[in-house]
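Residue numbers (my numbering), protein chains in the order written: chain F, 1 to 325; chain W, 1 to 325.
Derived from the structure by calculation, the hints contain no laboratory data. Glycine is no exception: its CB is placed at the ideal position from the N, C-alpha and C atoms. Treat the hints with caution; some may be incorrect.
As the list claims (entries may be wrong) - Calculated from the model, a selection of chain W residues having no Cβ within reach of chain F, i.e. all distances over 12 Å: (1) V36; (2) V53; (3) V224; (4) G230; (5) R264; (6) K265.
Stated by the list, open to error - Derived contacts from chain W toward chain F, CB cut-off under 8 Å, selection only: (7) L124; (8) L128; (9) G179; (10) I198; (11) V210; (12) V225; (13) W248; (14) Y249; (15) K266; (16) Q308.
2 protein chains.
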Amino acid sequence: MGGDNAPGDVVAGAVHAARDLGLRVALVGLPEPIAVELAKHGGKPDTVTIVPVSEVIEMEEQPAQAARHKKDSSIVVGLRMVKEGQAGAFVSAGNTGAVMAAAIMYLGRIKGIERPTLVALMPLSGKLTVFLDVGANADCRPNHLLQFAQMAAAYLERTWKVERPKVALLNIGEEEAKGSSLTQEAYALLAKSGLNFIGNVEGRHVPTDVADVIVTDGFTGNVVVKTMEGMADFIMNQLRSAIKSRPWYAAAGLALTPAFNQMRKKMDYREYGAGPLLGVNGLVFVGHGRSDARAIFSALRVAREAVQSGMLDALRETAPPRAKA
Amino acid sequence: MGGDNAPGDVVAGAVHAARDLGLRVALVGLPEPIAVELAKHGGKPDTVTIVPVSEVIEMEEQPAQAARHKKDSSIVVGLRMVKEGQAGAFVSAGNTGAVMAAAIMYLGRIKGIERPTLVALMPLSGKLTVFLDVGANADCRPNHLLQFAQMAAAYLERTWKVERPKVALLNIGEEEAKGSSLTQEAYALLAKSGLNFIGNVEGRHVPTDVADVIVTDGFTGNVVVKTMEGMADFIMNQLRSAIKSRPWYAAAGLALTPAFNQMRKKMDYREYGAGPLLGVNGLVFVGHGRSDARAIFSALRVAREAVQSGMLDALRETAPPRAKA
Chain F
1 MGGDNAPGDV
11 VAGAVHAARD
21 LGLRVALVGL
31 PEPIAVELAK
41 HGGKPDTVTI
51 VPVSEVIEME
61 EQPAQAARHK
71 KDSSIVVGLR
81 MVKEGQAGAF
91 VSAGNTGAVM
101 AAAIMYLGRI
111 KGIERPTLVA
121 LMPLSGKLTV
131 FLDVGANADC
141 RPNHLLQFAQ
151 MAAAYLERTW
161 KVERPKVALL
171 NIGEEEAKGS
181 SLTQEAYALL
191 AKSGLNFIGN
201 VEGRHVPTDV
211 ADVIVTDGFT
221 GNVVVKTMEG
231 MADFIMNQLR
241 SAIKSRPWYA
251 AAGLALTPAF
261 NQMRKKMDYR
271 EYGAGPLLGV
281 NGLVFVGHGR
291 SDARAIFSAL
301 RVAREAVQSG
311 MLDALRETAP
321 PRAKA
Chain W
1 MGGDNAPGDV
11 VAGAVHAARD
21 LGLRVALVGL
31 PEPIAVELAK
41 HGGKPDTVTI
51 VPVSEVIEME
61 EQPAQAARHK
71 KDSSIVVGLR
81 MVKEGQAGAF
91 VSAGNTGAVM
101 AAAIMYLGRI
111 KGIERPTLVA
121 LMPLSGKLTV
131 FLDVGANADC
141 RPNHLLQFAQ
151 MAAAYLERTW
161 KVERPKVALL
171 NIGEEEAKGS
181 SLTQEAYALL
191 AKSGLNFIGN
201 VEGRHVPTDV
211 ADVIVTDGFT
221 GNVVVKTMEG
231 MADFIMNQLR
241 SAIKSRPWYA
251 AAGLALTPAF
261 NQMRKKMDYR
271 EYGAGPLLGV
281 NGLVFVGHGR
291 SDARAIFSAL
301 RVAREAVQSG
311 MLDALRETAP
321 PRAKA
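Work out the full structure, taking the sequences as your base and the hints as a guide.
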């Protein structure tokens with residue numbers, strides 16, 4: 001039921017994943033609209049089930065409150081299915097804050113992990129870059145950043161088979177002494193962590209392949225991801241209006257359409273569909289509110305990789321031996 | 001002597017400003033290389049003087065140390081000229097940290113201003129957006145953000161004749177309750193400040209004309225500005241290689257060159273050349289390390305506007321009546 005294009009695109013992506021990947025998908029939501037959408041795809045594939053609920057958490061609702069009170073919502077029921085072992089992973093393009101709040105509430109944290117973290121899987125450079133935190137934690141302490149980096153590295157190693165992923169710290173200069181008190185202290189922790197820590201990177205490095213993991217606090221990470229979207233929109237709009245400004249530009253622009261499409265594909269968040277919420281006791285993937293059918297399909301594929309690779313076990317191994325509140 | 005293209009482009013921009021704007025420009029630096037560059041422009045215009053120094057602060061030097069010890073450097077001597085009234089403003093494309101450190105050391109802060117702040121003048125939306133802080137203060141308190149906003153608004157009102165500039169707070173959601181503890185407290189201060197505060201904006205709003213002033217801490221601001229540069233470079237490179245990939249794309253790309261140039265112009269930092277350092281007792285403008293002759297010319301024009309409009313008086317009026325350490 002979540003995201004701007006639900007339930008139409010969500011159902012379409014799920015049907016596609018069921019048919020092409022052989023996935024078993026439970027569609028958790030209001031049964032009538034789901035049935036209507038399924039009918040458009042020639043009915044329900046055998047591996048798709050409907051799990052009916054009576055409530056929906058809207059995009060604008062206050063996350064923690066909605067997660068607590070709407071117990072028969074698609075988000076809460078879906079997460080409960082993960083907790084009870086009825087589902088291997090939960091995928092949502094809905095209210096991100098509500099998914100995070102409900103995941104912490106109903107799945108709990110992995111023992112020893114102080115703060116779960118939301119990850120963006122970036123396709124820009126042509127290879128996968130894991131960028132985090134993108135909004136789960138607006139205020140962070142140095143140890144949170146260390147744990148984010150450890151979980152992201154474990155995820156890349158286990159699920160994506162990246163050996164000794166290169167971990168970088170987002171900062172305002174490349175030298176060790178640069179930055180805020182948070183990044184200076186996080187730098188020291190990362191340097192002695194045993195991770196393959198390559199040091200500081202700057203904002204201009206985010207759309208490059210310089211690192212496998214780029215770690216930052218959830219305030220900065222969220223601003224960065226949205227700034228990148230804003231810049232991509234801005235440049236494409238400028239280009240479009242420049243091309244429209246003269247008839248011969250328009251003709252040349254038309255000839256270039258495949259080249260433009262090729263470029264846009266590289267910046268397409270749908271490549272990976274959704275990013276994992278790392279640190280909760282279960283596999284949860286949060287997609288973009290703008291998710292379309294292809295994004296949902298990709299998100300389900302990414303979730304399947306995580307289940308099959310035993311990602312949760314890998315994350316549990318990163319937690320320090322002593323439990324922390 | 002500062003920036004990647006000094007002294008060639010700095011001298012070229014200064015000569016251009018002297019000739020076209022009738023500006024009196026003092027070139028502070030090593031006299032021999034400056035004389036060599038001036039000779040390329042048919043010699044020294046009458047309104048250009050050379051102020052010889054024996055030292056240069058390099059781009060990589062530790063800012064505070066260099067500012068303290070290199071007393072006969074172009075940065076320190078230039079700022080001293082402002083302090084002693086021999087110059088109305090100081091413009092540099094050199095080591096940003098050293099300019100800031102030296103400005104605070106030799107000019108001092110405006111009474112009542114806790115932290116000077118470095119501003120980016122953004123040309124993207126077609127109208128001027130003042131974005132700050134972009135790196136002077138990695139760790140900020142809520143009152144710093146309030147003072148940044150007050151100074152930026154005063155600058156826009158006095159120098160750029162913008163009435164009641166719209167002030168926005170960069171945050172990770174548009175609702176009042178969103179964000180880090182810093183932004184939540186800064187929101188409350190801005191809301192009761194008497195400024196024309198329009199609330200929170202997100203990263204995607206930075207390249208738009210939604211506000212006249214966008215205020216954030218120096219860590220986030222620096223990361224945002226560099227992310228925007230990184231995205232612009234990334235997209236232009238992608239476009240270039242997509243166009244090169246087939247002969248008929250290349251032909252169409254060639255036909256579109258004027259349209260591309262028109263677009264690039266809108267994202268060109270050289271439009272305003274340099275951003276002011278607000279809060280020190282004198283007019284200081286810091287340009288991009290990549291500054292070319294056109295950027296230096298623009299920076300000198302922007303500095304002249306500030307001098308002629310009495311910007312420093314406007315900033316002094318924003319400071320609270322009681323002095324603060």
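Item to check | Interface exclusion of W:G230 relative to chain F, criterion Cβ beyond 12 Å | outcome: 3 Å, violated
Checklist entry - Any CB of chain F closer than 8 Å to the CB of W:K266? => result 6 Å, holds
Next on the checklist: W:I198 was flagged as interface toward chain F. Is the shortest Cβ-Cβ separation under 8 Å?
Outcome noted: Violated, because the Cβ-Cβ distance from W:I198 to chain F comes to roughly 17 Å (cut-off 8 Å).
Item to check | Evaluation of the interface hint that places W:W248 against chain F, nearest CB under 8 Å | outcome: Check passed: Cβ of W:W248 comes within 6 Å of chain F, closer than 8 Å.
Checklist entry - Do the numbers back the hint for W:Q308, that is, is its least Cβ distance to chain F under 8 Å? => result With a closest approach of 32 Å, the W:Q308 hint is violated.
Next on the checklist: If we take the beta carbon of W:V36, is the closest beta carbon in chain F still more than 12 Å away?
Outcome noted: Nearest chain F Cβ is 32 Å from W:V36, so the label holds.
Item to check | Assertion that W:K265 lies farther than 12 Å from chain F (Cβ) | outcome: Given a closest Cβ separation of 10 Å, the condition is violated.
Checklist entry - Is the Cβ of W:V224 farther than 12 Å from every Cβ of chain F? => result 5 Å, violated
Checklist entry - Can W:Y249 be said to touch chain F, with a Cβ gap under 8 Å? => result 5 Å, holds
Next on the checklist: Does W:V210 hold up as a contact with chain F if the rule is Cβ-Cβ below 8 Å?
Outcome noted: 10 Å, violated
Next on the checklist: Given W:L124 as an interface hint, is its Cβ closer than 8 Å to any Cβ of chain F?
Outcome noted: 6 Å, holds
Item to check | Supplied contact hint for W:V225, tested at 8 Å Cβ to chain F | outcome: 7 Å, holds
The structure does not agree with the numbered hints 3, 4, 5, 6, 8, 10, 11, 16 stated previously, though it agrees with the rest.
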